[in-house]
Structure formats: C-alpha cells, structure tokens
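Mind assembling these two chains? They're in different frames, but the hints should get you there.
Chains as they are written, first to last, in the numbering used here: chain P, 1 to 112; chain L, 1 to 114.
FYI, nobody ran anything at the bench for these hints, they're computed from the structure.
Chain P stretches covered by chain L per the calculated footprint, using a threshold of three residues with CB under 8 Å from any CB of chain L:
#: 1; region: 27 to 34
#: 2; region: 42 to 49
#: 3; region: 100 to 109
Residues from chain L shown here face chain P by an in silico Cβ test under 10 Å; the list is partial:
#: 4; residue: Gly3
#: 5; residue: Val4
#: 6; residue: Tyr33
#: 7; residue: Tyr35
#: 8; residue: Glu44
#: 9; residue: Gly106
Which residues of chain L face chain P? A few of them, derived with a C-beta cut under 10 Å, are:
#: 10; residue: Phe45
#: 11; residue: Ala93
#: 12; residue: Gly98
#: 13; residue: Tyr101
#: 14; residue: Phe105
The C-beta atom is built at its ideal place from N, Cα and C for all residues, glycine as well.
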Amino acid sequence: SQQGEEDPQALSIQEGENATMNCSYKTSINNLQWYRQNSGRGLVHLILIRSNEREKHSGRLRVTLDTSKKSSSLLITASRAADTASYFCATDVPYNTDKLIFGTGTRLQVFP
Amino acid sequence: GAGVSQTPSNKVTEKGKYVELRCDPISGHTALYWYRQSLGQGPEFLIYFQGTGAADDSGLPNDRFFAVRPEGSVSTLKIQRTERGDSAVYLCASSPTGANYGYTFGSGTRLTVV
Numbered sequence: 001s002q003q004g005e006e007d008p009q010a011l012s013i014q015e016g017e018n019a020t021m022n023c024s025y026k027t028s029i030n031n032l033q034w035y036r037q038n039s040g041r042g043l044v045h046l047i048l049i050r051s052n053e054r055e056k057h058s059g060r061l062r063v064t065l066d067t068s069k070k071s072s073s074l075l076i077t078a079s080r081a082a083d084t085a086s087y088f089c090a091t092d093v094p095y096n097t098d099k100l101i102f103g104t105g106t107r108l109q110v111f112p
Numbered sequence: 001g002a003g004v005s006q007t008p009s010n011k012v013t014e015k016g017k018y019v020e021l022r023c024d025p026i027s028g029h030t031a032l033y034w035y036r037q038s039l040g041q042g043p044e045f046l047i048y049f050q051g052t053g054a055a056d057d058s059g060l061p062n063d064r065f066f067a068v069r070p071e072g073s074v075s076t077l078k079i080q081r082t083e084r085g086d087s088a089v090y091l092c093a094s095s096p097t098g099a100n101y102g103y104t105f106g107s108g109t110r111l112t113v114v
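In isolation and in its complexed conformation, chain L is listed as follows (with noise of 0.2 Å):
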C-alpha cells in the first residue's frame, strides 16, 4: 500500500477483554515496529520484526502482550486481559530495512480500557 495502515483507529473495550490491533506496512518493508505512546510522551518501544521474526521484543511490558507477522507483511498486537493501564495511542511504523532509514508510521490506534 502507499502507507502503513492501522486498524481500528479507535477501540474501546472493556477490562478483562481481548483486544488485536492491525497494523498493514508499506508492501517490500521488511521491518515493523510497535510502540506505545501515552498522553505527553514520546513513544515507546514495544517490539521490532525483521520478516516473520521479533527480532527485538524487549519492550512488551509483560506477559498479556504479544505480537506476530506470520508472513512477514501485516502484523497483529494482541493484548489479553486488558488493563485501564494499557490505555493509550498504539502506532506501527514501517522501514525498508531498519533504524538506518526514516520510519514510516501509521495513525495508530487510540485503545480506551473502561
């Protein structure tokens, strides 16, 4: 595609439930990369994939988050038994080959947990 492409732009669930969220790359992008920023902040590193594998997944905060690229093109964050803590804007960005190139960065996916 001509961008990267999240989806839903907006999710609202409730405590306890499970969320995924979707993120489509450039097509030919090898690398993908979620981050998670709250309100204020920067964004932060959840995890980085190099083709199908997480090549880096030293930021997912625990256990309840986890994330695939099965072929290598779109990728799925799935996040179980959501949290009022796990609140915040989830975006997904996209690189030819990695942090060597700018990122091109999808508009997220604002996750409300009531």
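If we strip away everything but chain P, and leave its shape as in the complex, we get (with noise of 0.2 Å):
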C-alpha cells in the first residue's frame, strides 16, 4: 500500500521556471525522504527531512514539512531540462519496522 500521495501527478514547465511538488501521508513519521528516477529504473536519494525540522535546503532544492497537516513539498528552482524525471516522497513507518513507504510519484518534463 501508498503511504504517500504526490501531487500533482504530472507537472510540464520550461528551463528556468520554478518546479513545486507536494507530498501528502497518513500516519506520524520520524523522516521523510524525496528520490528522483530516471528513465524508470534505480532512485536516487535528494534529501532526507526529519520530524522536528521544518525546512531544509540542498543546492537548487528545498523542501518542507508540515507535520500538522501531514504534508511536504519540494522545490526547484530555476528548473533545467536535466530535471526531467519523476519525483517519489517516501515515509518511514515507525513502529512497525525500519522502512520507507513511496508515495505514488510527481512526473516533471522540463522544456528547453
């Protein structure tokens, strides 16, 4: 099962524009985590948010986390075509092992 659901399901911008993707999860969490996938194949790890943070920058990203609402977004700044890929927020489920659960995936097409 999803624990996350990303929105929206798909996101079309040109080179240069800013690129905002939300995630939203059911149960309480100690992390969570956004992953970028090329092309369908193996993830790559972005950035990692826990629980008692509120913000948290790496290069051109920045994400937040809401923990009131159960939410999260990832921004993009000044977007590049090399930023096409599909973005996937993952929760931790504490208490019940040591795992992350992906959420459904935001597919961003970047123009040139």
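Okay, structure coming up:
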C-alpha cells in the first residue's frame, strides 16, 4: 500500500521556472525523504528531512515539512532540462519496522 | 562495492518458470530492501533484511516469492511458478542501518513474464 500521495501527478514547465511538488502522508513519521527516478530504473536519494525540522535546503532544492498537516513540498528552483524525471516522497513507518513507504510520484517535464 | 549492483538488468522468462534476481549491496550496509515497481507507480515494498535475517517480509505478495541473504551481504529474490502479473522492475536498495538514512538503489531488474 502507498503511504504518500504526490500532487500533481504530472507537471510540465519551461527551463528556468520553478517546480513545486507536494506530498501528503497518512501516519506519524520520524523522517520524510525525496527521491528522483530517471527512465523508470534506480532511484536517487535527494534529501531527508526529520520530523522536528520544518525546512531543508540542498543546492537548488528546498523541502518543507508540515507535520500538523502531514504534508511536504519539494521546490526545484531555476529548473533545467536535466531535472526531467519522476519524483517520489517516502516516509518511514514508526513502530512498524524500519522501512520506507513510497508515494505515487510526480512526473516532471522541463522543456528547453 | 561503490554502489548497489543488480543482476541481471533484464530477464525474460516463460510463465511457470523459476527465476532468481541478485542484489549486491554497498559493503558494510546492514539494511537491504527489495521493492517492486509497476509502470507509472511508486516502488512497492516487498521485504527488508537487517543483517542475515528478514526483519519484515510483509510485502511479499504470496508464497511464490522468497528472498535470502545468507551471509549478510548479497541477497537473492526467488520467484517460483512465475505469472504474467509478476512482470515489473524489481529494485534493491541498501542503507547503513535502516530508514533513518537515505537508501542507495540499484538500477533494477526488469522482469518480463511471457
């Protein structure tokens, strides 16, 4: 079963624009992570934010976390064609073994 | 190794056959995970190993699926009597200790059952 749901399911933008993706989840968490996937193969870890953090930055990425609303957002600033990929959020499941549950993903297309 | 290695990268098999998928995690990572991903979906959890033992196999869809990690490093996912519905990309990931760290994923094995 999926813990998280990303919104929108698909997003198309021009190079240089910002891209915002949202993730909602259902249960309490210790941390939330974002991953990128190119061409339906291996996922790449982007950023991890813990439940006691509200915002985190990594290069052109900004992640926010609102545990009261059980939601997170990923902002990619000044997007590039190379950012074209699917983006997934994943949450751990406290008190239910040590695994991540992934959301359904947002497919981002950045046009040159 | 430098990354997580999965072999084969592609596997085509006939319905009813037995297949083995191999995962070689990053050296020293105690946690190893198997996920399955269908087209347009997110990765679906199958099984999690901590060391040699399966800490959580609640995601295995039925008893045709089995996985081992006998020495706490390489893992093999075994599927008996394959069905067309088993067709998917099977992803392996490892982590230093567990879900409180980011996972490193392999490139996956694309399994096609014809």
